[in-house]
Amino acid sequence: MKPSRAGWLFAAPALLAIAVFFVVPVVAALVMSATDFDIYALADLRNTRFVGLGNYFQLLQTPLFWRALLNTLFFVVVGVPLSIAVSLGTALLLHSRLARFTGFFRTALFAPVVTTLAAVAVVWIFLLHARYGTLNYALSWLGLRPVDWLGDPRWAMPAIVLLSVWKNFGYNMIILLAGLQAIPAELYEAAQLDGAGPGAAFRHVTVPALAPMLLMVSILTMAGHFQIFAEPYVMTQGGPAERTVTVLYLMYENGFKWWSLGSASAVAFVLFLFMLGTSLLQGRLAGRAGWSS
Amino acid sequence: MRRPLAVLTVNVALALIALVTLFPLAWMVSASFMAPGEASTYPPPVLPHAATLANYRLLFAEHGILRQVVNSLFISLLATGLSLAFNLTAGYAFAKLRFAGRERVFRMLLGALIIPAQVTMMPLFLMLRGMGLVNTYAGALVPWLASVFGIFMVRQYALSVPDEMLEAARIDGASELRIFVSVVLPVLKPIIVTLAVLTFLGAWNDFMWPLIVLTDHDVQTLPVALAALSREHVQDAELMMAGAVITVLPVLLLFLALQRYYVRGLLVGSVKG
Chain A
10 MKPSRAGWLF
20 AAPALLAIAV
30 FFVVPVVAAL
40 VMSATDFDIY
50 ALADLRNTRF
60 VGLGNYFQLL
70 QTPLFWRALL
80 NTLFFVVVGV
90 PLSIAVSLGT
100 ALLLHSRLAR
110 FTGFFRTALF
120 APVVTTLAAV
130 AVVWIFLLHA
140 RYGTLNYALS
150 WLGLRPVDWL
160 GDPRWAMPAI
170 VLLSVWKNFG
180 YNMIILLAGL
190 QAIPAELYEA
200 AQLDGAGPGA
210 AFRHVTVPAL
220 APMLLMVSIL
230 TMAGHFQIFA
240 EPYVMTQGGP
250 AERTVTVLYL
260 MYENGFKWWS
270 LGSASAVAFV
280 LFLFMLGTSL
290 LQGRLAGRAG
300 WSS
Chain B
11 MRRPLAVLTV
21 NVALALIALV
31 TLFPLAWMVS
41 ASFMAPGEAS
51 TYPPPVLPHA
61 ATLANYRLLF
71 AEHGILRQVV
81 NSLFISLLAT
91 GLSLAFNLTA
101 GYAFAKLRFA
111 GRERVFRMLL
121 GALIIPAQVT
131 MMPLFLMLRG
141 MGLVNTYAGA
151 LVPWLASVFG
161 IFMVRQYALS
171 VPDEMLEAAR
181 IDGASELRIF
191 VSVVLPVLKP
201 IIVTLAVLTF
211 LGAWNDFMWP
221 LIVLTDHDVQ
231 TLPVALAALS
241 REHVQDAELM
251 MAGAVITVLP
261 VLLLFLALQR
271 YYVRGLLVGS
281 VKG
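Chains as they are written, first to last, in the working numbering: chain A, 10 to 302; chain B, 11 to 283.
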């Protein structure tokens, strides 16, 4: 057997699986988003009609859709910078020559990343409990009044941001730590010779060297944040006052609770467009700032 | 700042962050041993007054959670096996076997990474429904067959396999399959472990797709069953914590045992050029 035939044979099973279970569904979803596929179509496909961009226009006129978009954007805009700041801060601490037991600390800080999101969301329901939760208890030491984290419309999404930062910062921490370790020591020595203190060295050596990695990390983290679903599903069921209905939560409800699969597909594509748009925008902005990776 | 003081500051900061990070997990374990209602007192207790296994007993005896443990274990193990079979062969092919259109197909695969998987969920559900695979293990396994990321990870590693090694085996008259099994796979061992760990954890922790495709209690995975249970038992913190421990502990232990391999996979994903 020639290597060229072998190559196709070896790649074929995976390519076939991706074609059948990914590419075909993506195309089908695009078609479905242009139909009124609903619970009647589920019984008989002939009950489906082509509606063009009807689902999309319908969404634009649905207040809950705008609410979901706004909630998701809040989660992205507040959660991503916060999460990356914590990742960078802890990575710098772990990278410090003064740090001891770094192996243990690295594992401890990374542990939440591998835990099951749905399960730790359940744990956090109780940690965030207005009356008996540990968080409010800790706040009371600081003289702060208890917050009804998951019951107050103003605090439900910030509470989910807290959980998400706790759960995810370890991931980027490991990546940024690897980035810090790859910066040649000579650069710091040269900066020191030029009379730069720790602050100046951070600004002029660490940040530029880490910039491409920070860009990649923030694009990936954003993509992940846009896909928030399990937290509101488990912790708040979209409430209170619809303040934690996210785009994917809306897609799930439209699609698998009300069986409006056409409309749900349209929601999915709106999410995709947002993710694509923000990634391109970030790449463009970074390019302009001279952060080419 | 004088050096001893600086050392103290850095390490105290790290210790405090580690404490805050580990607290939710420690509290989960501790509360799972508390008597019913004990966690819902003020001030919130850190340790159980008298540790009890009652919550675990209740979960296994009354709620039959063993069924979901088995489901999760089966689905995650099968997902791991399937993902290895599909991604190892394809990753090796994209790295080491020449075939027409290889680079173009590979670029298309990487391009597909920007499409979020949730887009596929509605048609995929209809497709599986047509095939009678809703509420079956097979339905839950479909997304784990092959992944672009898995292929990419194997390819990056397989690129370092020396061509001379493969050529030598070819000159000896070994078939391509034979070469893959007895020459390539042994060299790929580290990345095999990495891919296996990542897939097992990914499948175990997965939530949205199993929630959609496994609506029957008897076939549900632990995270999905736990979410359903928590809606019925909003007040029973101790019971829910026992359920969370059963769900989280296996993956946490697996990670601790194979940490090195897990982190390797994470970094492969981050340095794609």
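Hints are not guaranteed to be accurate.
[Unchecked claim] Part of the chain A face toward chain B, derived, beta carbon under 7 Å:
(1) H104
(2) G112
(3) G296
[What the hints assert, rightly or not] Cβ pair distances, simulated, as ranges:
(4) B/L57 <-> A/F66: 50 to 60 Å
(5) B/L57 <-> A/A139: 20 to 30 Å
(6) A/V86 <-> B/I124: 14 to 24 Å
(7) A/R163 <-> B/V80: 52 to 62 Å
Rather than coming from a laboratory, the hints here were simulated on the basis of the structure.
Even for Gly, the Cβ is constructed at its ideal location relative to N, Cα and C.
Here is what the structure says about each hint:
1. H104: Not OK, violated: A/H104 not within 7 Å of chain B, min 10 Å.
2. G112: violated, 10 Å
3. G296: violated, 17 Å
4. B/L57 <-> A/F66: 50 to 60 Å: holds, 57 Å
5. B/L57 <-> A/A139: 20 to 30 Å: holds, 23 Å
6. A/V86 <-> B/I124: 14 to 24 Å: Once the Cβ atoms are compared, 20 Å apart, the range 14 to 24 Å for B/I124 and A/V86 holds.
7. A/R163 <-> B/V80: 52 to 62 Å: With Cβ atoms ~43 Å apart, the hint is violated.
In the structure shown, a violation is registered for the earlier hints numbered 1, 2, 3, 7, in ascending order.
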